[in-house]
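The residues making up each chain are set out below.
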Amino acid sequence: DTGVSQDPRHKITKRGQNVTFRCDPISEHNRLYWYRQTLGQGPEFLTYFQNEAQLEKSRLLSDRFSAERPKGSFSTLEIQRTEQGDSAMYLCASSRQGPDQPQHFGDGTRLSIL
Amino acid sequence: TQLLEQSPQFLSIQEGENLTVYCNSSSVFSSLQWYRQEPGEGPVLLVTVVTGGEVKKLKRLTFQFGDARKDSSLHITAAQPGDTGLYLCAVPHNAGGTSYGKLTFGQGTILTVHP
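So the sequence lines, in the order shown, correspond to chains A and B.
Residues in the first sequence are numbered from 1 upward in steps of one, following our numbering.
Residues in the second sequence are numbered from 1001 upward in steps of one, following our numbering.
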């Protein structure tokens, strides 16, 4: 169990640029989740995958956000035309399928928009 | 309106003191989880409580699920500087035995324990 890995850990970019984050889940976990967390607040759900299928997207996930998990393993989260309000920590988590299966979180990607 | 209301939002105490953090809602949950998050890291699951009235202990941490499964508390005895962090409660979205996967978190309690 090598844990959930996220890359990069930090990203600084100018407003209007596109950014892409990667998440590598725990290998035997078929569920993968993306959350966003602002300073001093709890994480907010963005979207989740079961294998390669994206099963739910939050209203927080505007048209500028897209997530993929093409082979049911790693996932990418892309933000196009970044805005100041996109500055946050983006957390990835993975779990096995089933009720009350614990989610294991990565250490996140901190995005700062200049 | 937050589904889960955590209180207090901030807590600053001296080493050796006891403290309690609360997580309240008007909704009934099948289970509730507590996480601890340190700066620059992801949340780490501490415990899951499932049964109304359940009490679980993890060293100096005691977790209780309300009888009606609407609220929970986390009590820390003899706090230490290493307990410093953001404490989050969270509930999974389950309905009719189907797990919908996503977690809804409270806004968290930021705990600082001074030496």
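These are calculated hints, taken from the structure and not from any lab test.
All values derive from a computational prediction rather than experimental measurement.
Hints should not be assumed to be uniformly reliable.
[As the list claims (entries may be wrong)] Away from chain A, derived, C-beta distances all over 10 Å, residues of chain B:
#1 Q1014
#2 S1030
#3 E1041
#4 V1050
#5 K1102
[Said to hold, decoys possible] Derived Cβ-Cβ restraints for the label pairs, each shown as a range:
#6 B/K1070 / A/T2: 22 to 28 Å
#7 A/R15 / B/I1110: 38 to 44 Å
#8 B/I1110 / A/N51: 34 to 40 Å
All C-beta atoms in this analysis are idealised placements derived from N, C-alpha and C, irrespective of residue type, glycine included.
Each hint tested on the structure:
1. Q1014: Holds: least Cβ distance 22 Å, greater than 10 Å.
2. S1030: With a cut-off of 10 Å, B/S1030 comes too close to chain A, as the shortest Cβ separation is near 8 Å.
3. E1041: violated (5 Å)
4. V1050: violated (7 Å)
5. K1102: B/K1102 is in fact no farther than 10 Å from some Cβ atom of chain A, at 4 Å.
6. B/K1070 / A/T2: 22 to 28 Å: Because 38 Å falls outside the window, the suggested range is violated.
7. A/R15 / B/I1110: 38 to 44 Å: violated (29 Å)
8. B/I1110 / A/N51: 34 to 40 Å: Holds - the Cβ-Cβ distance for B/I1110 and A/N51, about 36 Å, lies within 34 to 40 Å.
Violated hints, in rising order: 2, 3, 4, 5, 6, 7; the structure is consistent with all others.
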